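Model the placement of chain B on the given structure of chain A, informed by the hints.
There are 2 protein chains.
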Amino acid sequence: MGPIEFGGQGGQWLRGDGADSDIVMSCRIRLARNLRNYPFMPQIEADAAKEAADLVKSKVMGSLFNEDGQYLSVNDLDDIDRMYLIERHLISRELVNGEGERGVAFGESEITAVMINEEDHVRLQVIFSGMELDRAWGEAQRVDGILEKELNFAFSSQFGYLTACPTNVGTGMRASVMLHLPALVMTKQIEKVFQAVSKINLAVRGLYGEGTQASGDFYQISNQVTLGVSEASILDNIKRVVPRIIQYERNVREHLITENRNSLEDKVYRAYGILRNARIIDTEETMNLLSAVRLGVNSGLVEGLEVEEVNRLFVLTQPGHLQKRERRTLDPEERDIARAKFIRTRLA
Amino acid sequence: MGPIEFGGQGGQWLRGDGADSDIVMSCRIRLARNLRNYPFMPQIEADAAKEAADLVKSKVMGSLFNEDGQYLSVNDLDDIDRMYLIERHLISRELVNGEGERGVAFGESEITAVMINEEDHVRLQVIFSGMELDRAWGEAQRVDGILEKELNFAFSSQFGYLTACPTNVGTGMRASVMLHLPALVMTKQIEKVFQAVSKINLAVRGLYGEGTQASGDFYQISNQVTLGVSEASILDNIKRVVPRIIQYERNVREHLITENRNSLEDKVYRAYGILRNARIIDTEETMNLLSAVRLGVNSGLVEGLEVEEVNRLFVLTQPGHLQKRERRTLDPEERDIARAKFIRTRLA
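Chains as they are written, first to last, in our numbering: chain A, 1 to 348; chain B, 1001 to 1348.
Check each hint, because a few of them may be wrong.
Cβ-Cβ distance ranges computed for the label pairs, FRET-style [stated by the list, open to error]: (1) B/ASN1288 / A/THR345: 23 to 31 Å; (2) B/VAL1204 / A/LYS188: 41 to 49 Å; (3) A/ALA348 / B/LYS1239: 42 to 50 Å; (4) A/CYS165 / B/ASN1262: 22 to 30 Å; (5) A/GLU334 / B/GLY1206: 34 to 42 Å; (6) B/ASP1079 / A/GLN9: 54 to 62 Å; (7) B/ASN1075 / A/LYS192: 53 to 61 Å; (8) A/ASP76 / B/GLU1284: 52 to 60 Å; (9) A/LYS192 / B/PRO1332: 45 to 53 Å; (10) B/GLU1334 / A/ASP17: 37 to 45 Å; (11) B/THR1187 / A/ALA348: 25 to 33 Å.
To be clear, the hints were calculated from the coordinates, so they are not data collected in a lab.
Because the structure is a prediction, the values reported are computed rather than measured.
For each residue, glycine too, the CB sits at the ideal point set by N, CA and C.
The following block holds chain A by itself, in its conformation from the complex (with noise of 0.2 Å):
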């Protein structure tokens, strides 16, 4: 087993407060920057990307995060830490499988991470959970207000910042708000909100990002562009559909409650019930019944758990970390065992 120590209960994200929380469970900043001083990814030189990802580091540790931050090289993970942070949306899947010196830094709340050597030399992210953009756009611009003065960034006047990929050049920015949409799921509708959602050059994502399938009924709404928009304008784009959306789920809830409460109940309480009693679950149907059980307790159906419980039982059965748990390798059917007793042992 790697060198992370097990981390408690995740993120600032799972918390389930701020705004909207009973559909919004996180929203997210990335920006992507560059070193001026060295070749892009991918076609940087191992020792160059060695001596960036250094550079990088010793910033970001030396004036981000006090003696409450910690820094993970990738290179030294083992598959159950590497799974363990895409888990905990700490990394992601590109930065596993890029090559040379890579790594991350984070806060120990896990508000704010940097990746490094990922797609760019620098991915920062800041995610706070429930609708509260504006607070993780005032919090990324201060930690890149503090990365600028340390890191000569690669910046063009006329395109803005410039990075690996075209799609990112200008602001860098990507914004996006992870939504719990089960009432829009469950009646069919969801698709008419993807296909709004197209048209004003949003993109919807699961809840592990690019080319992940939804799974537990969680949507990312996030920007398309980032050339030739200002970052307020990306903010207020995404800002002006997602109340709308929020809306739309919460009349469809209202809707089930009053017309179909007994269906609804059912479905809710027979998901809790299996989760409290199945001695074998898999992910899919642990994230789907946990969707039912958040929308229960969301609407009053279901008394005495925490939201926040079961926002963190979404990261806290993922594979990754049912192994970190266990300290040991586990095959498929060995973690269906353990996930069962895990929620049992927390939804008892």
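Here is chain B on its own, set in the frame of chain A:
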């Protein structure tokens, strides 16, 4: 709502005791008898049928049951009361669907019941919990002896007892054993049992007798032939085959527990969890889930729940019982909600 008082928890046969009661729910002896001096059903005129019914009723109530017995005329009952009696195995669908004066007399324990003017003038049944065929046969003989003294039964020295349908001529006896065979169903070996049983002239039926589907993994094994065989040879035939089916089911249960304990526990506890949490549940799903829980209790996987309670729930959750309990007619959706609530209360 009809005249029947809601009668507690169902008959002695649900007690979950007697030999091999982990697998044998109950066993039953039925004797078909007819009055020599009246035309057989259904050729009998309405007046004569009434006279015959009154005669049998008075003798049965006078000689067989004391103050703990009751006679119910099917003609006086509404649909829900009729359903209720079918669910308790006190009357048959044929009795309900018949014409003219007809009814049933039974004692408080519901071990002995006499249907009047079903297919035959007299249908005597004795049911006991567990594999207690000799006990049931002994009791049936005793009761038959009492009735023989009071009533003049049609009997031919050549053919034996005469009955309305030729298939019952001779002994007029059907001996049956209700087996709970969840492990054989789960492992898809139940077909082998059917094939073996049909080769030796035994019939396999569902929980509610002729023409009903197997439900809750219950299978009723009974003799096909009554003519030209003695009561003893009918019983011997069943007593030879049933222990082999019991052993087969038991072996598969042990194998499941040894080799697939986690899967089995998972199935059992999911069923238990759904039963304790569902808000809407139909009869079929209830039977299937109770079957898994019954297997769990009998295999020592579920503690703190008596098999008797599970047995009784199979009957108490049926539509007639639910509506008797609620004292009103319920539409199917209301029943499914009332059923779920009732089960939650019982299994809380």
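Hint says 42 to 50 Å; check whether the CB-CB distance for A/ALA348 and B/LYS1239 agrees. holds (47 Å)
Is it true that A/LYS192 and B/PRO1332 lie within 45 to 53 Å of each other by Cβ? Hint violated: Cβ distance 32 Å, outside 45 to 53 Å.
Is it true that B/ASP1079 and A/GLN9 lie within 54 to 62 Å of each other by Cβ? holds (57 Å)
Between B/ASN1075 and A/LYS192, does the C-beta distance stay in 53 to 61 Å? At 58 Å between Cβs, range holds.
Looking only at beta-carbon atoms, does the pair B/VAL1204, A/LYS188 fall within the given range of 41 to 49 Å? holds (43 Å)
Measuring from beta carbon to beta carbon, are B/THR1187 and A/ALA348 in 25 to 33 Å? For A/ALA348 against B/THR1187, whose Cβ atoms are near 32 Å apart, the range 25 to 33 Å holds.
Look at the Cβ atoms of A/CYS165 and B/ASN1262 and judge whether their distance stays inside 22 to 30 Å. At 46 Å between Cβs, range violated.
Outcome for the supplied range 52 to 60 Å, where the beta carbon pair is A/ASP76 and B/GLU1284: holds (56 Å)
Cβ distance range 34 to 42 Å for A/GLU334 and B/GLY1206, holds or violated: holds (39 Å)
In this structure, is the beta-carbon distance linking B/ASN1288 and A/THR345 contained in 23 to 31 Å? holds (28 Å)
Could you say whether the range 37 to 45 Å given as a hint is met by the Cβ separation of B/GLU1334 and A/ASP17? holds (40 Å)
Figure legend: structure checked against the earlier numbered hints; hints not met, in rising order: 4 and 9.
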